[in-house]
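Colleague: Here are the chains, one letter per residue:
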Amino acid sequence: MSDQLDTEPGGERIHDGDPSGTTDVATQRSLETPHSGGELETRFRDPGLPAHVYRHSDIDPKAAKRREREVATLFGLSTLGTLLFIVAYFAIKPNDTSGSELIDRVGLSTRLLGLGLGLALFCIGAGAIHWAKTLMPDDEIVTERKPMRSADEDREAAVEALKEGAAGAGLGRRKLIRNSLLGAMAPLGLLAIIPLRDLGPLPGDSLGETAWGPGKRLMSDPAGRPIKPEDVEIGGVVHVLPEGIEKSEHRLNEEAKATAILIRLAPEDLLAQRPDRKGWDVSGIVVYSKVCTHVGCPVGLYEQQTHHLLCPCHQSTFDVPRNCKVIFGPAHRALPQLKITTNADGYLVAAQDFQEPVGPSFWERGK
Amino acid sequence: MRHLSASLTAPRRALAALSRHRRRKVAPFLLLLVCLGVTGGAYTAFAPSPQAEAASGASVESIKDGRALFLRNCSSCHGLNSEGSSDAPSLIGVGAAAVDFQVSTGRMPAAADGAQVEAKRPEFTHAEVAALAAYIASLGPGPAIPDKDQLDYTNVDAAQGGAIYRTNCSMCHNFAGSGGALTHGKYAASLRGVSAKDMYEAMLTGPQSMPVFGDGTMRPRDKLEIIAYLKTIEAQSSPGGAALGKLGPVTEGAVGWIVGIGGLIGAAVWLGAKAR
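Note that the protein sequences, when read in sequence, are chains S and G. Going by this note's numbering, the letters in the first sequence line up with residues 1 to 367, in that order. Going by this note's numbering, the letters in the second sequence line up with residues 1001 to 1276, in that order.
Since the hints were derived computationally from the structure, they do not count as laboratory data. None of these values were measured; they are calculated from a predicted model. Heads up, the beta-carbon is just placed ideally off N, CA and C, and yes, glycines get one too. Hints are not guaranteed to be accurate.
A short, non-exhaustive set of chain S residues, derived as facing chain G with CB atoms under 10 angstroms [to be verified]:
| no. | residue |
| --- | --- |
| 1 | 295 |
| 2 | 321 |
| 3 | 322 |
| 4 | 325 |
| 5 | 326 |
Lysine-lysine pairs mimicking DSS-like chemistry, simulated, CA-CA at most 27 angstroms apart [claimed, not checked]:
| no. | chain 1 | residue 1 | chain 2 | residue 2 |
| --- | --- | --- | --- | --- |
| 6 | G | 1186 | G | 1148 |
| 7 | G | 1274 | G | 1231 |
| 8 | G | 1064 | S | 133 |
| 9 | G | 1186 | G | 1197 |
| 10 | S | 325 | G | 1120 |
| 11 | G | 1274 | S | 62 |
| 12 | G | 1186 | G | 1064 |
| 13 | S | 163 | S | 62 |
| 14 | S | 247 | S | 278 |
| 15 | S | 65 | G | 1120 |
| 16 | G | 1120 | G | 1246 |
| 17 | G | 1197 | G | 1274 |
A few chain S residues that don't get close to chain G, going by computed Cβ distances all over 12 angstroms [what the hints assert, rightly or not]:
| no. | residue |
| --- | --- |
| 18 | 69 |
| 19 | 107 |
| 20 | 142 |
| 21 | 153 |
| 22 | 169 |
| 23 | 200 |
| 24 | 221 |
| 25 | 223 |
| 26 | 236 |
| 27 | 238 |
| 28 | 273 |
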């Protein structure tokens, strides 16, 4: 038993308001602490540890009883959690069912098992901590730190052992071994550098060109059907990919670069477009790269009434009637436009590839 | 003077009694309840009951009725000949499907001028909507209201619908149809609980900010596949726990950080706090 509980610190002494009554070992120790530094001592005094504050459960047996019941309740809840786990485990058998009911059962089972397990473990922990904090002794105890330095004879023995080992290995005498070891270790760094080659090869022209090309039909994504101008209504939008892209060697890479959005505007909405882009549309149908020039998200939110094209990632906004000029957000360049025309069968085809690299900036872009 | 005040005593006493009661805290609520009850009762008694669905096929009669309804309810914005004005677009050639979508979902007549016209309780009965649609359809060719057979999505490929949805719709309406924000207060509506007919008509006509997905580029079967996909994921439960609105990583992250990390911080504070 701790002396604190033995002496039974009664409420009287605390209620008397006598601070010395509650002074314990810690406070006394702090008063004995030697001070160094003459000037400091006159201005600052080490206040030591604050006086020990007794808990309600130390003073009041009723409060202690209450805490005891709380701890027992937490442990009881843990038992309930365990029971819940066991009952849920045997009562809900997801494997008896199939389809969406199976999914429902799995969900219910997982939740109840988790709840039971969580309750069982958490309440044991919480109860133990509550017990330790409110009922177990809480005297402040000072333990001096042990010196880090080893004993002098141990230190000497260690140095002796090192010296003996070095002499035994003969590193100073056997120069061949020493030099060949150095020769083996120096090129080790290459092992870290050489695999960096796999970061390459440099992209070359591959970022500057896409699967679009003269005469390639515009196919709707994901259906893969060619499009005639009369199929698209004013205000209509089709996500398009170049014909035959599904057969390309690196299909996903090619799709990521070539993906484009086709929008049909009313002819009067195209009056504000750049003069050098005249003739890039087919009766109001314009096609733009769908890869944002900021960091390459798919620009797909088209507001039909304002003709704004939005990027979902950072809200870059492109004004379609003005050749997808940036009017808001972090993007800096307009979306590249794909010049389109119709072929002999009346299908929409690309007249040429994009005239600039699509998507975000990269080092080699300007070259 | 004294005589006058004496004659007023009785009513004054009654008033005093009333005001005493009025001062009770429940009184205003009771009064409000009574008023609401009376209003509601009167409304159900006098409001026109929804009439039977008008026969499809626009008769001259229904076009005439529709014109009358249009002139009374819509022409102040859309113009006497539906030619449109600075406040509202022309309705010539928008078709019956657009009218049916806008009016039967309560979006039109618009309640207020704002960023977006919102769905609300419809103002017109089925028959009135049909008459309005017939009138607008008579002004110029446009998409017709899909009939029940056209809306049968039971035997189509919902997985293919998911592919079409993710390419064409999910950027605005969210991957699970939860809807999402656009610019300046506009938004893409949530698609949960929306009828197949409303979704079909919306794709066909492109209401408000939404682009048009006409039959030329998105075939009727594609539309039904999208509807089947949305209805399928709407019916699915979420075995992983609370779906949090199926809004994606932002809500999940917010809840994870606030509830999860917050709970851990709370536990740490409790562990470190001295018991009293």
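Colleague: Each hint should be assessed against the structure and marked as holding or not.
Modeller: Going through the hints against the structure:
1. With a least beta-carbon distance of about 16 angstroms to chain G, the hint placing residue 295/S at the interface is violated under the 10 angstroms criterion.
2. Because the closest C-beta pair between residue 321/S and chain G is about 15 angstroms apart, greater than 10 angstroms, the hint is violated.
3. Among the interface hints, the one on residue 322/S is violated; its C-beta lies about 16 angstroms from the nearest C-beta in chain G, farther than the 10 angstroms criterion.
4. Taking 10 angstroms as the C-beta cut-off, the interface hint given for residue 325/S is violated, the closest approach to chain G being about 15 angstroms.
5. Annotation: interface hint on residue 326/S violated; nearest CB of chain G at approximately 14 angstroms, more than 10 angstroms.
6. A hinted pair counts as satisfied when its Cα atoms are at most 27 angstroms apart, and residue 1186/G with residue 1148/G does not qualify at roughly 31 angstroms.
7. Our distance criterion of 27 angstroms between C-alpha atoms is broken by residue 1274/G and residue 1231/G, whose separation comes to about 55 angstroms.
8. Note on residue 1064/G and residue 133/S: the hinted pairing is violated, with a Cα-Cα distance of about 84 angstroms set against a maximum of 27 angstroms.
9. Only pairs whose Cα atoms come within 27 angstroms are accepted, and residue 1186/G paired with residue 1197/G is accepted, the gap being roughly 23 angstroms.
10. At most 27 angstroms may separate the alpha-carbon atoms for a hinted pair to count; residue 325/S and residue 1120/G exceed this at roughly 36 angstroms.
11. A threshold of 27 angstroms between alpha carbons decides the hint, and for residue 1274/G with residue 62/S the separation of about 20 angstroms falls inside it, so the pair holds.
12. Taken as a hint, the residue 1186/G and residue 1064/G pair is broken in the structure, with Cα atoms around 35 angstroms apart against an allowance of 27 angstroms.
13. About 69 angstroms separates the Cα atoms of residue 163/S and residue 62/S, which puts this hinted pair outside 27 angstroms; it is violated.
14. A C-alpha spacing of about 33 angstroms is found between residue 247/S and residue 278/S, which places the hinted pair above 27 angstroms, so the restraint is violated.
15. Pair hint residue 65/S plus residue 1120/G does not hold up; C-alpha atoms about 60 angstroms apart against a cutoff of 27 angstroms.
16. Restraint check: the Cα-Cα separation between residue 1120/G and residue 1246/G comes to about 23 angstroms, which is no more than 27 angstroms; the hinted pair holds.
17. For a cut-off of 27 angstroms, the pair hint linking residue 1197/G to residue 1274/G is broken: about 64 angstroms separates their Cα positions.
18. No Cβ of chain G comes within 12 angstroms of the Cβ of residue 69/S; the nearest lies about 15 angstroms off, and the non-interface call holds.
19. Chain G draws residue 107/S into its interface by the beta-carbon criterion, the shortest separation being 3 angstroms against a cut-off of 12 angstroms.
20. Distance check on residue 142/S: its Cβ is at least 17 angstroms (rounded) from any Cβ of chain G, clearing the 12 angstroms threshold; non-interface status holds.
21. With a minimum CB-CB distance of about 43 angstroms to chain G, residue 153/S clears the 12 angstroms threshold, and the non-interface call stands.
22. The claim that residue 169/S lies off the interface holds: its Cβ sits roughly 51 angstroms from the closest Cβ of chain G, which is beyond the 12 angstroms cut-off.
23. At the 12 angstroms boundary, the C-beta of residue 200/S stays outside the reach of chain G, the nearest C-beta of that chain being 33 angstroms off.
24. At the 12 angstroms boundary, the C-beta of residue 221/S falls inside the reach of chain G, the nearest C-beta of that chain being 5 angstroms off.
25. Non-interface status of residue 223/S relative to chain G is broken: a Cβ of that chain comes within 12 angstroms, the nearest being about 7 angstroms off.
26. Interface exclusion of residue 236/S from chain G breaks down, the closest Cβ pair being 4 angstroms apart, not more than 12 angstroms.
27. Look at residue 238/S: its CB is around 5 angstroms from the nearest CB on chain G, not clear of 12 angstroms, so calling it non-interface is violated.
28. The claim that residue 273/S is not at the interface with chain G holds, since no C-beta of that chain comes within 12 angstroms of its own (minimum 19 angstroms).
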